[in-house]
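Q: Modelling step: build the complete structure from the supplied sequences, incorporating the hints.
2 protein chains.
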Amino acid sequence: MKVLFTFKIKDEQLEKLKVDFPEIQFDFNNKVNTAPVEDFEVIVTYGEDISTEVLDRATSLKWLMVASAGVEKMPLAEIAAKGIIISNVRGIHKTPMAETALAHILSLKRALPVLAEQQKRKEWNTKVRQTELRGSTALILGPGAIGSEMGRLLQAFGVRTIGCNYSGNPAQYMDDTIQFDELLSRLPEADIVLSVLPSTAKTKGLLTESHFKAMKETAIFMNFGRGDLVKEAVLVEALKNEEIGHAVLDVFETEPLPAESELWSLSNIIISPHVSSHSGKYIERALEFFTGNLKKWQRGDKDLINLINPVKGY
Amino acid sequence: MKVLFTFKIKDEQLEKLKVDFPEIQFDFNNKVNTAPVEDFEVIVTYGEDISTEVLDRATSLKWLMVASAGVEKMPLAEIAAKGIIISNVRGIHKTPMAETALAHILSLKRALPVLAEQQKRKEWNTKVRQTELRGSTALILGPGAIGSEMGRLLQAFGVRTIGCNYSGNPAQYMDDTIQFDELLSRLPEADIVLSVLPSTAKTKGLLTESHFKAMKETAIFMNFGRGDLVKEAVLVEALKNEEIGHAVLDVFETEPLPAESELWSLSNIIISPHVSSHSGKYIERALEFFTGNLKKWQRGDKDLINLINPVKGY
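Residue numbers (this note's numbering), protein chains in the order written: chain A, 15 to 328; chain B, 15 to 328.
Source of the hints: derived by calculation from the structure; they are not laboratory data.
For each residue, glycine too, the CB sits at the ideal point set by N, CA and C.
Any given hint might turn out to be false.
[Unchecked claim] No more than 30 Å apart at the CA atoms, straight line, and that leaves these computed lysine-lysine pairs for BS3-like:
#1 B/141 / A/295
#2 A/136 / B/227
#3 B/141 / A/22
#4 A/295 / B/227
#5 B/134 / A/108
[Said to hold, decoys possible] If the Cβ cut is set under 8 Å, some of the chain B residues that face chain A in the computed set are:
#6 139
#7 271
#8 293
A: Put into structure tokens, the structure is as follows:
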């Protein structure tokens with residue numbers, strides 16, 4: 015059995031794979047669009063290099079292991095049609111993303127950006143408006159692995175958490191869970207509105223003008239999911255009109271965010287270049303997901319961890 | 015019985031005091047050095063306005079309620095000699111200070127200051143060095159009410175906590191507690207070294223050159239206690255020589271930090287103008303401490319909450 019990696023791993027990580035799976039041949043090629051792929055039963059990829067053309071040539075392919083959380087840019091219809099099993103590393107991001115979310119929330123509450131500007135001017139000014147996180151309410155759109163980890167940490171800070179998902183089924187570390195259609199009526203309670211929703215037919219454009227008008231004037235809106243949750247123009251208006259206090263955006267309709275975007279120049283926004291999940295420990299963790307599944311695969315167990323339904327897209 | 019406040023409280027807070035304590039007369043005067051003070055059994059103060067001269071004139075004074083956590087600038091010897099009971103609001107700061115500490119730690123780990131500079135330049139650059147807090151070790155100097163609250167939150171983030179106090183007695187939310195004389199040998203374990211120690215004879219100058227040389231090159235040193243814990247010159251050298259990764263200082267040998275201090279210009283420092291404890295809820299909470307003690311006082315119970323031993327200074 016042959017496995018193709020389309021990204022590099024460290025030498026010691028490869029050595030460990032060879033020791034743990036002596037009967038498997040591991041190859042590496044980061045130019046999968048021109049590389050021979052017909053012999054590989056498994057391809058391990060970040061996802062974006064898998065085109066329909068690659069799929070057509072990968073005649074032995076049975077399992078696509080995607081070392082990424084989002085798969086919406088992949089040719090899912092073709093993957094489904096060919097019966098290729100696809101799994102991802104959903105949950106790999108939960109620690110860095112939850113840490114990033116809390117970093118931004120606490121930084122704004124404790125006015126760290128204001129203090130940083132004062133420091134540059136060598137200015138000792140204690141009259142800085144700082145607030146407390148304790149006693150706040152956070153509404154989390156998409157309380158899955160990542161959203162729940164954020165909920166766990168927020169609860170530790172004495173924050174009330176409201177999860178919001180399509181089903182309304184209770185989610186971990188949420189004091190309350192609501193459905194998408196209850197969102198508008200519950201937004202006025204939230205000091206923090208935080209989305210980690212993936213991009214699906216149900217989440218695209220979910221937030222509109224009326225949602226931002228329903229939020230508190232002091233609310234912090236955070237998008238750590240996908241940029242198509244809300245039109246950029248809607249965000250720009252809400253921020254210019256100070257309908258909310260701050261936005262913290264890690265994802266955008268167009269990425270990289272174009273230099274001409276109005277978002278760059280607004281005063282009540284924090285722009286993060288889609289790095290909330292970055293971590294020096296990423297590949298190490300991705301390999302843990304992969305090897306766990308590879309053991310299952312070897313013994314014929316196709317019920318892999320983090321299987322994706324290519325029709326649903328998650 | 016007459017009570018003098020030397021700082022303002024809100025009208026509605028005063029009304030509540032009058033309702034709860036109808037037999038007590040509450041006066042306000044923020045110029046205690048010139049005000050008549052001889053009739054007051056209780057003075058409620060932030061502390062710094064109580065001189066020996068005021069004490070000599072305050073012939074009815076039996077209880078000094080200090081709405082502050084540090085009392086080292088007060089004439090403690092005279093207070094002790096006159097048998098005046100003194101209490102403070104130790105613990106009032108724990109929520110804002112713990113939130114501030116986590117804000118700074120997470121901000122540095124997730125590189126928020128770097129991202130803020132990029133945003134100003136409208137620069138989309140994802141190659142930013144970010145690390146995770148999970149799996150770190152924090153050494154907390156002074157694991158009392160505030161230090162333990164920081165420990166509780168750090169543990170929620172998966173951080174191992176080592177408390178360090180004079181006695182070595184176990185402290186809450188510390189995985190391990192060590193004594194001052196074990197500090198030097200345990201510093202190499204710590205990714206975060208965080209002091210909330212008060213200023214006492216035992217803590218002044220506790221940290222020296224050798225302590226900073228013992229820390230990890232990547233360590234974050236945070237002083238949220240008192241500035242005399244370490245000489246400014248020692249800090250400047252440690253930071254210039256990159257013996258540690260970052261310092262986050264909320265307190266300084268001289269406050270306000272003079273414009274000519276070298277600390278202002280260092281690249282690996284965060285300077286906060288002694289605001290880590292600031293919160294819009296401060297006076298509300300101080301009054302909770304005060305009214306709890308005032309009820310005790312009325313029934314002759316002198317075993318007040320947060321009594322200070324003026325000889326020890328804490």
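Q: Does each hint fit the structure? Answer for all of them.
A: Here is how each hint holds up against the structure:
For the given pair, residue 141 of chain B sits about 15 Å from residue 295 of chain A by alpha-carbon distance, which is consistent with the 30 Å threshold. Of the supplied pair hints, the one linking residue 136 of chain A and residue 227 of chain B holds, its CA atoms being roughly 28 Å apart against a limit of 30 Å. Proposed proximity of residue 141 of chain B and residue 22 of chain A is supported: the alpha carbons are some 17 Å apart, at most 30 Å. The straight-line distance between the Cα atoms of residue 295 of chain A and residue 227 of chain B is roughly 28 Å, inside the 30 Å bound, and the hint therefore holds.
Of the supplied pair hints, the one linking residue 134 of chain B and residue 108 of chain A holds, its CA atoms being roughly 28 Å apart against a limit of 30 Å. The interface hint given for residue 139 of chain B holds, since its Cβ lies 6 Å from the closest Cβ of chain A, which is under the 8 Å cut-off. With a cut of 8 Å, the hint placing residue 271 of chain B at the interface with chain A holds, because the nearest CB-to-CB distance is about 6 Å. Restraint check, residue 293 of chain B versus chain A: the minimum CB separation of about 5 Å is within 8 Å; hint holds.
Every hint from the earlier list agrees with this structure, and none is contradicted.
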